[in-house]
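Peer 1: Following the hints, position chain B against chain A.
Those protein sequences? They're chains A and B, same order as listed.
Under the working numbering, think of the first position of the first sequence as 1, with each following residue one higher.
Under the working numbering, think of the first position of the second sequence as 363, with each following residue one higher.
Any given hint could turn out to be false.
Derived DSS-like pairs (lysine-lysine); straight-line CA-CA distance at most 27 Å [said to hold, decoys possible]:
{"#": "1", "chain 1": "B", "residue 1": "Lys708", "chain 2": "B", "residue 2": "Lys462"}
{"#": "2", "chain 1": "A", "residue 1": "Lys350", "chain 2": "B", "residue 2": "Lys675"}
{"#": "3", "chain 1": "A", "residue 1": "Lys350", "chain 2": "A", "residue 2": "Lys180"}
{"#": "4", "chain 1": "A", "residue 1": "Lys313", "chain 2": "B", "residue 2": "Lys708"}
{"#": "5", "chain 1": "A", "residue 1": "Lys313", "chain 2": "B", "residue 2": "Lys675"}
{"#": "6", "chain 1": "B", "residue 1": "Lys675", "chain 2": "A", "residue 2": "Lys315"}
{"#": "7", "chain 1": "A", "residue 1": "Lys359", "chain 2": "B", "residue 2": "Lys462"}
{"#": "8", "chain 1": "B", "residue 1": "Lys677", "chain 2": "B", "residue 2": "Lys721"}
{"#": "9", "chain 1": "B", "residue 1": "Lys708", "chain 2": "A", "residue 2": "Lys315"}
{"#": "10", "chain 1": "A", "residue 1": "Lys260", "chain 2": "A", "residue 2": "Lys250"}
{"#": "11", "chain 1": "B", "residue 1": "Lys721", "chain 2": "A", "residue 2": "Lys315"}
{"#": "12", "chain 1": "B", "residue 1": "Lys462", "chain 2": "B", "residue 2": "Lys584"}
{"#": "13", "chain 1": "B", "residue 1": "Lys677", "chain 2": "A", "residue 2": "Lys346"}
{"#": "14", "chain 1": "A", "residue 1": "Lys346", "chain 2": "B", "residue 2": "Lys675"}
{"#": "15", "chain 1": "B", "residue 1": "Lys675", "chain 2": "A", "residue 2": "Lys359"}
{"#": "16", "chain 1": "A", "residue 1": "Lys250", "chain 2": "A", "residue 2": "Lys180"}
With the Cβ distance kept under 7 Å, some of the chain A side facing chain B (calculated, not the full set) [stated by the list, open to error]:
{"#": "17", "residue": "Glu268"}
{"#": "18", "residue": "Ala319"}
{"#": "19", "residue": "Leu335"}
{"#": "20", "residue": "Trp358"}
{"#": "21", "residue": "Lys359"}
I should point out that these hints are in silico values taken from the structure, not numbers from a laboratory.
We put the beta carbon where it would ideally sit given N, CA and C, even for glycine.
Each chain, written out:
Number of protein chains: 2
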Amino acid sequence: MSNRFVVIMAGGRGERFWPLSRLSRPKHLLPIVGDSPMLTQTVDRLAGLVPAQNILVITNREQVAAVTEAVPSLPRENVIAEPVGRDTAAAVGLAAVLVKQRDPEAVFAMLPADHVIHDRAGFQRILERAFLLAERRDVLVTIGIQPTEPATGYGYLQRGEILENIGDRPAYAVRRFVEKPDLATAETYLASGDFLWNAGMFVWRVGVIEAALRRHTPDLAKGLRGMENDLAAGRPLDDVLEAAYAGLQKISIDYAVMEKADNVATVESAFDWDDVGSWPASARHFPADDRGNVVRGDAVMENAGNNIVIGQKGKLIAALGVEDLIIVQTGDATLVCRRDQAQNIKSLVKRLEGQSEWKHLL
Amino acid sequence: MSNRFVVIMAGGRGERFWPLSRLSRPKHLLPIVGDSPMLTQTVDRLAGLVPAQNILVITNREQVAAVTEAVPSLPRENVIAEPVGRDTAAAVGLAAVLVKQRDPEAVFAMLPADHVIHDRAGFQRILERAFLLAERRDVLVTIGIQPTEPATGYGYLQRGEILENIGDRPAYAVRRFVEKPDLATAETYLASGDFLWNAGMFVWRVGVIEAALRRHTPDLAKGLRGMENDLAAGRPLDDVLEAAYAGLQKISIDYAVMEKADNVATVESAFDWDDVGSWPASARHFPADDRGNVVRGDAVMENAGNNIVIGQKGKLIAALGVEDLIIVQTGDATLVCRRDQAQNIKSLVKRLEGQSEWKHLL
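Pulled out of the complex, with its shape left as it was, chain A reads as follows (with noise of 0.2 Å):
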């Protein structure tokens, strides 16, 4: 059997979590959900089912100090820090890279960071169907998520012919990949019963995404060879990473890749999954009050409801009479937010970067 690895994704610019998310400190290196990091819950929730050597993490400079932190468990070298953001992927194509250097066999998962997922036992079911397919097949498996509601902040993929059971259950081709719908269109994507959420969490050979990408993005892959010829030269990882990540051509794998791809395939999830992209997606992890605060920190509520409130401890805050307010207080920024504006926090976190005085809070 193949090698299997796991490269986790961990860039992102922390504006949705802002003040408590900064840039170099996102929301995968923080508790948003539960006691750790979101990062270090992601590296834990694989025990068991890759070896921590095999595990890999791509972050940025900003953050590989505290993403190094974050992960103690993994190699050191295990932590790759891209010079500049060129999207996922550019991450794909460093990361077979990557896992191709320790062996050119290998089936490998990327994965988010900071995606929420409280069932590791059926997370790590359904991610060993994953590997098993793509080691059986030249295919790129996507890992679906059975949708729950009309959502229109995912993409969606439509399943199509059964390819083949594993164990139980059945792996299906891949129709088609479809970016966000309107309402509209997501609610006939959930009465169809055929489509998934598409949640960036795949799984591949080597080969194949090599493949993929020299078909579908030629320019992508011929810098990837480049790079792979100079690391094989000897040349240092973040030396060749200097000097050639930067005109890696900038695009998500979804359109370079999964949208044009003819030999997707998908298997469906069948554990809990958030990708906890906003305050009020995270409030659903915590208990509410009796009035549907959810409290974190040091806080004192008084006739004040559906608030979420994130404060700190040893330094008060206190809600009097208000109602659907996202509250969250660090040493040196404090936001007020109302519920239903949270999806504005990034724009927010745009202007505040066009404004010297407070580029420091980013």
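Peer 2: Chain B in isolation, oriented as in the chain A frame:
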């Protein structure tokens, strides 16, 4: 002409402006409106009318150091600390004792420490008229504030017959003092044209207020007489207060004297006046942005309107999509309160009093 004195009452618990105000730093020690503490502004407003050595401040032990610092122009011994609060009748009685020591024939004004009056010249003209009236007649003079709305938060006084003209305007007898009315009653008061707000600003001769206290609160008067004798015997003021003050009857000057006396007079205000009893009241004194937000300190407002935001220098408050909030951030506590619930901040502070872990925030 007799000597004129002003005694400023600077007590207060600082509840309504929590968390900026604290028990040890209530409203009169803060620049709630303007650039200096309200008490400092109150003293400055008397410049030219009453000499500094004739201005006394009555405060409490917790605040005495800060109060002394806030009134550097006054002799140190003119700042008096009550060992315990005994409400305003005792403070008036203490003021009478202290002024009498300096000049038994003196006339003195009692003024609150924390009101906003921008029109200094207008205020001085009215206070001058009140002094003149108190010097000429055996009356308890109240400065009556011309009401501008049917306020239910103030007591009222009803004008009676004209006593005499002082300068170009009449002074009136007061028919009666009335407690805070309900809205319907307040509306009839406003419509009648002969009701004024009781702002707690009084002027009287030492002998006249002494006689009123003797007549209407004989127990309190007896206690005050004992203190007077002890002082005359050479005992230090602090010792006398320590021994006797806690034993004085605890009652307001309105209940004890003003509502009962038949020799109350009034001169009407002809200056702006605001007791700024809440965050919303204070916000009226600051310019608002084009969405109605009043912001002090560092803040970024996005799609936010009609908020009052009180921040700190160098610590950002970001308000996103919120309306009608009061947001006040200090080093150790942050308040987020619906604007129309500002009157409940006081009860919130009382609740914190019952929670030992937050007592240090009071």
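Peer 1: Assess, step by step, whether the Cα of Lys359(A) is no farther than 27 Å from the Cα of Lys462(B), and give holds or violated.
Peer 2: With a Cα-Cα distance of about 62 Å, the restraint between Lys359(A) and Lys462(B) is violated, given a limit of 27 Å.
Peer 1: Keeping to a limit of 27 Å between CA atoms, is the pair of Lys350(A) and Lys675(B) held or broken?
Peer 2: Cα-Cα ~21 Å, so holds.
Peer 1: Given the hint that Lys462(B) pairs with Lys584(B), does the C-alpha gap stay at or below 27 Å?
Peer 2: Distance of about 16 Å is within 27 Å: holds.
Peer 1: Using the nearest Cβ pair, does Ala319(A) come within less than 7 Å of chain B?
Peer 2: Holds, because the Cβ-Cβ distance from Ala319(A) to chain B comes to roughly 5 Å (cut-off 7 Å).
Peer 1: Is the hinted pair Lys346(A) and Lys675(B) satisfied, with a Cα-Cα distance of at most 27 Å?
Peer 2: holds, 24 Å
Peer 1: For the hint on Glu268(A), does the least C-beta distance to chain B fall short of 7 Å?
Peer 2: At about 37 Å, which exceeds the 7 Å cut-off, the nearest Cβ of chain B leaves the hint on Glu268(A) violated.
Peer 1: Keeping to a limit of 27 Å between CA atoms, is the pair of Lys677(B) and Lys346(A) held or broken?
Peer 2: holds, 19 Å
Peer 1: Please check whether Trp358(A) passes as an interface residue: C-beta within 7 Å of a C-beta belonging to chain B.
Peer 2: holds, 6 Å
Peer 1: Quickly compare the C-alpha distance for Lys313(A) and Lys675(B) to 27 Å and report which way the hint goes.
Peer 2: Holds: Lys313(A) and Lys675(B) sit about 22 Å apart, inside 27 Å.
Peer 1: For a C-alpha distance cap of 27 Å, please report whether Lys250(A) and Lys180(A) respect it.
Peer 2: holds, 20 Å
Peer 1: Assess, step by step, whether the Cα of Lys313(A) is no farther than 27 Å from the Cα of Lys708(B), and give holds or violated.
Peer 2: holds, 24 Å
Peer 1: Against chain B, run the beta carbon of Leu335(A) and see if the smallest gap drops under 7 Å.
Peer 2: holds, 5 Å
Against the hints set out earlier in the document, violations occur for numbers 1, 7, 17, 21.
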